[in-house]
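Chemist: Below are the chains, spelled out letter by letter.
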Amino acid sequence: MCGIVGLLLKKPELYDRLGEFMVPMLVGMTERGPDSAGLAVFSSSVGNFDKKISLYSGLTSEGASFNWQGLEGAINQHLGIPAKVHAVNNHAILYISGNPEPVKHWIAENYPKLYVLSTGEKIDLYKDIGLPASIADRYDFKNIKGSHLVGHTRMATESAVTPERAHPFTAGEDFCLVHNGSLSNPNYIRRMLEPRGIKFETDNDTEAACRFIEWRLSEGDDLKQALQACFDELDGFYTFLMGTADSLALVRDPFACKPAMVAETDDYVAIASEFRSLAHLPDIKNANVFEPAPEEMYVWAA
Amino acid sequence: MGSVTFDLEQTPVREINHFIHKDADIGDKIAITNAGGAHSIACGCDKELEIIIDGHAGYYAGGMNKDAEITISGSAGTGVGENMMSGKIHVKGFASNGAGASAHGGLLVINGDAGLRCGISLKGGDIVVGGSVGSFSGFMAQAGRMVICGNAADALGDSLYEAIIYLRGEVKSLGADAQFEPMTDDDYAVVAELLSQAGEDFKKFDPKEFKRIASSKSLYHWNSDANQEY
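Heads up: the sequence lines are chains A and B, in that order.
For the first sequence, counting from 1, position 292 maps to 292 in the working numbering; every step adds exactly one.
For the second sequence, counting from 1, position 101 maps to 101 in the working numbering; every step adds exactly one.
So here's chain A without its partners, still in its complex pose (with noise of 0.2 angstroms):
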């Protein structure tokens, strides 16, 4: 199963209300997927720095009492660049100034543990195993703020339940995607993708899916020639929702056999698996409810 979720608010004056629109709606997709849960959140929170890099201490054996200042302190001593770390729990925010990348392969290095989600100017990436509802306790969901985000709730059938498995998936800055379905050719990805230098952390078929439409931005498609690339090579069955820093982006496999719904009003754009998570959401009533078509793009702009 696997339950997806996705939330554009239209007007900044309800950014800070992202959380509280988004919790019911990811709590509502439990029963399709209570093994995982994930979130995406695209905010202008960078401030005076450049990049900002999403982090993950549940794997190293501190875990959640993992010593992030002590990280802030070593990327400002080594690295020589200004860093701040903003930490809940075992995942924290890492703003810093400059080129991501020497940061990331000197965290590789030094914290082989400590788990890279996400890195872009606007993305800030939670992923972690559990029921939806601890997890969105665990890391404020409530509380978060941000022009639009992409959930995902997980019932694991491709590859194993970790942390790492869970969606969203992200390649590249400031892009995540999230899948409801499963692929049958995601090795004929990789072996696309592999000799072309392009790395995979997990064998999950949807991160193949993810590295495959990044791969396709990257080469200079736009995201509508990028989703055309995915209906001629991906084969299987997927609801995909993708995330970029100033979009949502929605398409369905030709047999729409995973499903998605729409509600549209003046405020939001919502996405959910199912009727049953927007049903709480202001002015539901009213909305422009629609069912989004098989192999058509479904593009909403930040």
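It is worth saying that the hints were derived from the structure and are not from the lab.
All C-beta atoms in this analysis are idealised placements derived from N, C-alpha and C, irrespective of residue type, glycine included.
There's no promise every hint is true.
Claimed, not checked - Straight line, CA to CA, 27 angstroms or less: simulated DSS-like cross-link-like pairs of lysine-lysine: (1) B:123 - A:285; (2) B:92 - B:47; (3) B:29 - A:285; (4) B:22 - A:258; (5) B:172 - A:224; (6) B:47 - A:258; (7) A:199 - A:11; (8) A:258 - B:172; (9) B:123 - B:172.
As the list claims (entries may be wrong) - Label pairs and their calculated CB-CB ranges: (10) A:142 - B:14: 27 to 35 angstroms; (11) B:14 - A:108: 27 to 35 angstroms; (12) A:137 - B:220: 53 to 61 angstroms; (13) B:220 - A:280: 50 to 58 angstroms; (14) B:209 - A:46: 58 to 66 angstroms; (15) A:137 - B:11: 26 to 34 angstroms; (16) A:10 - B:219: 49 to 57 angstroms; (17) B:209 - A:247: 35 to 43 angstroms; (18) A:266 - B:27: 37 to 45 angstroms; (19) A:286 - B:162: 55 to 63 angstroms; (20) A:157 - B:220: 34 to 42 angstroms; (21) B:219 - A:224: 54 to 62 angstroms; (22) A:188 - B:150: 35 to 43 angstroms; (23) B:22 - A:142: 27 to 35 angstroms.
Since the structure of chain A is already known, use the hints to place chain B on it.
Modeler: Frame of chain A, contents of chain B only:
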């Protein structure tokens, strides 16, 4: 003949369905408010009841319906009226995939569009769709009638048996073994009757605008001369 209202924000589906199955009397009128996309609303009705569902219904609304007349004011999720035996289900909004799948009898009316696989394996029920239907609609439909007032996507009526499809708009592609056939006077009468049963919203459609799609029956018998290479 009583009248009772349930609010799905207060009462779980299981309790409402229990009432329908055990406590409701023939002729009762049951209103269900705040549907909120809940699954299995009014599944397994087995007597003449009038049920009005306010809001968007989740999966399998009115599934296995026998004798009840069910109205859904909003949309319906996957499998509305699945395996209906008799009675009527009227969806005022749109319906998702598999609407009326394997319905043995009764009438399913959808004012808006229906998703993919509408009327798949239809076994004698009737379906009237005010809008368009998705791909693979009427797949392997064995008996019953489908009236589609809009268009149809790919593979309409693939591997049809004896069910008949009446289409007003355009079809993107017919499925294997499905073919257009001339409309007879009986066909026009059937379409007129089903449109009339579907209600006020369907009065605007003229039976003369519909085309008949049925099985060419070329798959009914094994053809040992056919190319068997797959």
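Chemist: Of all the hints numbered above, which does this structure not satisfy? Sort the numbers upward.
Modeler: 1, 4, 6, 7, 11, 19, 21, 23
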